[in-house]
Amino acid sequence: MSAERYSVLVIGSGVTALMAAVSLARRLPDVQVVRLDTGITDPVDDLIGACRPSIRTFHAALGIDEADVISRTRASYRLGTALSGWADREVFRGHGMYGEPLSGVAFHHLWLRAAPVEPYESFSINASLAARGRFAPPSSVPGSPMAGLDYGLQLDLPAYGQALRSLGRVAGVEEVQGAIASVQRTEDGCGIRALKLTDGRYLTADLYVDADGRGAIVRQSLTSKWVDWSNALLVDRLCVVRKEAPAHLVQDIVIASESGWRYESAAAQAWGYSSAHLNGQNGAIAFRQGRLEDPWRGNCIAIGSAAVSLEPSAATGLHTVCRHIERLIGCWPGHASQATEAEIAFYNRRTAMEADRMRDFIQLPYLLNERPEPFWRAAAAGPVSAELTRDLALFRERGRLATHDEDGFERDEWIASLIGFGIRPRHLDALAQELPMTRIQQRLEAIRL
Amino acid sequence: MSSNRIERIVIVGGGTAGWMAAAALSRFLAHGDTRICLVESEEIGTIGVGEATIPPIRTFNGLLGIDEAAFLRATQGTYKLGIEFVDWGRAGQRYFHPFGRYGRDIAGIDFHQLYLRERTRRAIPKIEDFCVSAAAARAGRFDRPQSDPAHPERDFNYAYHFDASLYAGYLRKYAEHLGVQRFEGRVEHVVLDPESGFVRAVDLTGQRRIEGELFIDASGFRGLLIEQALTTGYEEWQHWLPCDRAIAVPCASAGPPEPFTRSTARAAGWQWRIPLQHRIGNGHVYASAFMEDEQAERVLMENLPASALAPPRHLKFVTGRRKLAWNRNVVALGLSAGFVEPLESTSIHLIQLGIAKLLALFPDRRFEPVERDEYNRAMQTTFEAVRDFVILHYKLTSRPGTAFWSYCSSMSIPDSLERKLALFRGRGRNLRSDGELFGLTSWVAVMLGQGVWPEDYDPAADAFDEAKISTLIDNVQQSIQQTVLGFPAHMDFIQRSGGAAAA
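Protein chains in written order, with the working numbering: chain A, 1 to 449; chain B, 1001 to 1503.
Among these hints, one or two may not hold up.
[What the hints assert, rightly or not] Which chain B residues face chain A? A few, computed with CB under 7 Å, are given here:
(1) L1029
(2) D1033
(3) G1140
(4) D1143
(5) P1400
(6) G1401
(7) A1403
(8) Y1407
(9) L1423
(10) S1433
(11) E1466
Since the hints were made in silico from the structure, they are not lab data.
Computed from a predicted structure; not experimentally measured.
C-beta atoms are modelled at their ideal positions from N, C-alpha and C, and glycine is treated no differently.
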């Protein structure tokens, strides 16, 4: 092993930086982790604690006990997101399985063939529990209706951040308080040489992890191109408040309003709108949706919302953080050497694919909304990526889905969104047509909740 | 119900591809009114290069409800645990590409990373000693995998070797039993719709016309419908894979059949050896730009393990893929869709995948382009991924001497492969993309087997205690040795499980 320990400077005060610091310190031996506490927090990153199931993988990798998180940090369980008022009925995008396939034919094909039957949601255990405001853990018994359940967590981020901070101390994360005065680049301009703090101190490291949220300046001091999505995702103002006492909610609810929406979760409440369609509101922050073209450059990498900025309507925030950390550890340079061009290119390519897919998933309900107001009409007419255009065409034809690399969502979530917004394929799947109707009906009967 | 349902499917060509398609379509479109017919001519032989397969063949047979023992009996089949590569990286070097996995992972760290780390500390055996399928292959033994959470290394994968023309015959019986109608005759003329350019019918010798709505082109390299009638176009990959000839010859068995394929590098290509129950299939794949046909035949005949049972057959091919595997109302399957040399036994798999995708995207008479496009996109991705993996074997060589191998080691390779290589060279990393057929074990096997030792290993592997990992590595090796000792000899297993063909 090398004599010099590889040093990492994680920049940021929020949950993103805390998650990154503790993960790197715990999972990578011989890495010296310093976190620069800049004192900057971001209301979106640090108050909206909706997590997809990926948070549980994150906890498992760190050996964090989920029951502990729940009891110590006012966290609760989360089954999915309900979109209310976007169309003439509520649309639920749940985790977990919808129904079960039959003879290799996907469940939604069976449901479409048997139509008209009960709503699609009545075949999802997550949707059924969410509608009743209940939760129970998944069952490992095959065939049990609870076997198809999957869940994420609803974190109260200020409390969660406290827990991560103490965990970080135990894992050896060194904390430095200070504000950045300037970023000094290497002579070729492709890397960072040091950070100068306002009190005159200098910080140096082998790798700089910029986790300082949307306003992050360290990574941005190297050349960077921002891929802007504001034409596709119109919401550019947000106002977030923490709830005094957590509400009993097992799902997030995003309620459409004239020029945006109101967001309700167990721990937080938020309003999002488009400044082009509504005059400024007190307490709202401006934010832009998009991503850095290459979040990792030389010895500096931006993670979380410093790299990919998206609205909270599909709970992608902490999901993104978990995925970025996991991918960074997967590409870890280590052993006092620098990352190779191949590793950096790999990281950037996969991160971009994943972010673009998230943008499409978030944009989908805007494209399919049924509201008359100018904001909603403009959102429905927004530019659509080639991939999403193709996916929509394929689904509209016969209910089929293409496969994608780095799709952070389950196929069932895509299907639930499409069917929830009333898209009915023009034709039935050929193999579903071959199955006898009596068998399909028996199957539906058996699994209806 | 939609009146646009496809009612008549015509399959042109009765080789492995044609009858696989007939069997699968008749099985999954069994309930409706779809009529399936297949046109073939006994005058045209089948090529049947794909006698060795990869594990997904078991899924295909499983979906058709085919019993393994009956299938082996009917096709003179044997089990296959992987491929042994001889003299590829350099002369005298052997390695095994196993169907299965290496050792066991710990806390998300791949075993090969633990192996690479251990190797920096002490001398340890080749990585294949940590894979039960490789160890069983070397011992000439076979048993079915077990899924035992306490011994994850006992869970492996396997495929078959079989006589492709017997397999086609077996599937023919299966398909005909389910109502597929077979027509004997050569296609003389293809009738196109003057407006849409769709194929409407094929005219056979003897003035019989066969009409259809969906056509499967399983006519082989010439692509009777997809190319000769629809001029779809072909993308050639010869600059990356210069082999363009093969000579095939069966020979007598030399002892009991081995449960693996062997591929031996030769001066301008390579030689295959596929052990069946009653004989051994042999072949020499070579580049005509670097070796004359006569010499290639001599190389093959001088390197047979036993006496030849038939005269050698010469085949020509152009490596590449049809630009659109599905064009208008014609879906090309098998050689008409494209060809990558059988180095990794992918021919039958590409057929099977084409069938599965076709069923998943099955059209109706309107033939909406959106499904066709998705099919073509998916097939292109898979073909290219297979191509890259096969190129890797040629690229990673330090064989001295011949012009052919110097060309291969210095040729430029596709960017997609360049990226994979660079990532592996750094810290032994590999990540599978969608549509990619070969997984981590395969890439690790070929990279390490042909001498690409990463500069470093994944630093996350350092998170584990040295002594613990050392013990684990020894335990895995011992457990594998013991497991294999409990396996019966390959041929004994075939006999015991009822798979032996009548002598």
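- Given hint D1143 of chain B near chain A, where the shortest CB pair must fall under 7 Å: For D1143 of chain B, the interface hint is violated, since the closest Cβ of chain A sits about 26 Å away, which is over 7 Å.
Given a cut of 7 Å on the nearest C-beta pair, is the interface hint for Y1407 of chain B held or broken against chain A? Interface hint status for Y1407 of chain B: violated (25 Å vs cutoff 7 Å).
Under 7 Å, Cβ to Cβ, is where L1029 of chain B needs to be relative to chain A, so tell me if that hint holds or is violated.
6 Å, holds
Hint check: 7 Å Cβ-Cβ cutoff, P1400 of chain B to chain A: 28 Å, violated
Hint validation: G1140 of chain B versus chain A, beta carbon distance must be below 7 Å. Holds or violated? 36 Å, violated
D1033 of chain B as an interface hint toward chain A, with CB separation required under 7 Å: 10 Å, violated
Q) Does A1403 of chain B pass the interface hint, meaning its C-beta sits closer than 7 Å to a C-beta of chain A? A) 30 Å, violated
| Close enough to count: is the Cβ of E1466 of chain B nearer than 7 Å to one in chain A? | 10 Å, violated
- chain A contact restraint for S1433 of chain B - C-beta distance below 7 Å: For S1433 of chain B, the interface hint holds, since the closest Cβ of chain A sits about 5 Å away, which is under 7 Å.
Should the interface hint for L1423 of chain B be scored as holding, given a Cβ-Cβ cut-off of 7 Å against chain A?
Where the cut-off is 7 Å and the nearest Cβ of chain A is about 5 Å from L1423 of chain B, the hint holds.
Measuring from the C-beta of G1401 of chain B to each C-beta in chain A, is the shortest one below 7 Å? Constraint on G1401 of chain B not satisfied, violated at 31 Å.
This entry does not satisfy hints 2, 3, 4, 5, 6, 7, 8, 11, going by the numbered hints stated previously.
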